[in-house]
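J.: Quick note, the sequences are listed as chains A and B, same order. Just so you know, we're using the working numbering here: the first sequence kicks off at 2 and counts up by one. Just so you know, we're using the working numbering here: the second sequence kicks off at 2 and counts up by one.
Just so you know, the hints here were simulated from the structure itself, not pulled from any lab data. Hints are not guaranteed to be accurate.
Said to hold, decoys possible - With a cut-off of at most 20 angstroms between alpha-carbon atoms, the simulated EDC-like pairs for lysine to aspartate or glutamate come out as follows: (1) B:K42 to A:D9; (2) A:K109 to B:D110; (3) B:K42 to A:E16; (4) B:K42 to A:D86; (5) A:K101 to B:E53; (6) A:K101 to B:E60; (7) A:K50 to A:E21.
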Amino acid sequence: AQSVTQLDSQVPVFEEAPVELRCNYSSSVSVYLFWYVQYPNQGLQLLLKYLSGSTLVKGINGFEAEFNKSQTSFHLRKPSVHISDTAEYFCAVGLYNFNKFYFGSGTKLNVKP
Amino acid sequence: GAVVSQHPSWVICKSGTSVKIECRSLDFQATTMFWYRQFPKQSLMLMATSNEGSKATYEQGVEKDKFLINHASLTLSTLTVTSAHPEDSSFYICSARSGGDNQPQHFGDGTRLSIL
């Protein structure tokens with residue numbers, strides 16, 4: 002069975018501090034990995050994706066994520082957050098050769114001044 | 002690029018009416034479209050997957066006669082909530098994808114449905 006786990010439901014952080022949002026997955030087949038951001042009452046916006054190749058992936062808005070196959074993780078990081086980064090972040094896993102995504106439960110990032 | 006438009010963004014209607022939600026890919030051809038439902042403070046729950054010109058594939062527990070999905074063209078899919086009731090109130094989000102399963106889904110802004 003496949004699953005995506007985002008251990009932290011909420012992450013409070015001060016502006017300009019670094020942040021890491023954790024994502025772990027389990028799958029019996031090869032996966033593609035994505036991070037999305039959702040602002041209130043809006044759909045999801047793609048931040049970055051990992052398909053293959055370099056395990057460090059850079060995305061929009063200064064975010065990056067690292068794929069760790071041995072730890073089955075795909076943690077999202079930003080070295081210095083802004084107030085505008087306050088949103089909910091979803092990790093998603095796509096299964097190789099399957100027409101389906103699995104989403105984590107989301108992590109609310111709250112950036113304080 | 003990769004813009005998905007969803008309409009309407011908010012709808013309030015009486016119990017028993019049917020509501021249609023449109024999902025359009027504006028600048029690409031969407032071979033596959035997905036419909037999700039999101040409950041408050043929860044993640045997205047996939048309802049169904051549709052390929053252009055084919056019948057939608059529904060997830061277990063989703064009533065196909067309740068949630069009618071039509072994917073008539075490569076740029077348009079519609080979700081019709083038939084005979085809606087208050088328990089159908091939710092945030093519905095569509096996404097569209099061009100190409101194979103290694104491609105990201107691009108999401109619309111969602112439709113908040115409130116049934117009185």
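J.: Would you mind marking each hint as holding or not holding in the structure?
T.: Hints and how they fare:
no.	hint	result
1	B:K42 to A:D9	holds, 13 angstroms
2	A:K109 to B:D110	holds, 18 angstroms
3	B:K42 to A:E16	violated, 24 angstroms
4	B:K42 to A:D86	holds, 18 angstroms
5	A:K101 to B:E53	holds, 16 angstroms
6	A:K101 to B:E60	holds, 10 angstroms
7	A:K50 to A:E21	holds, 16 angstroms
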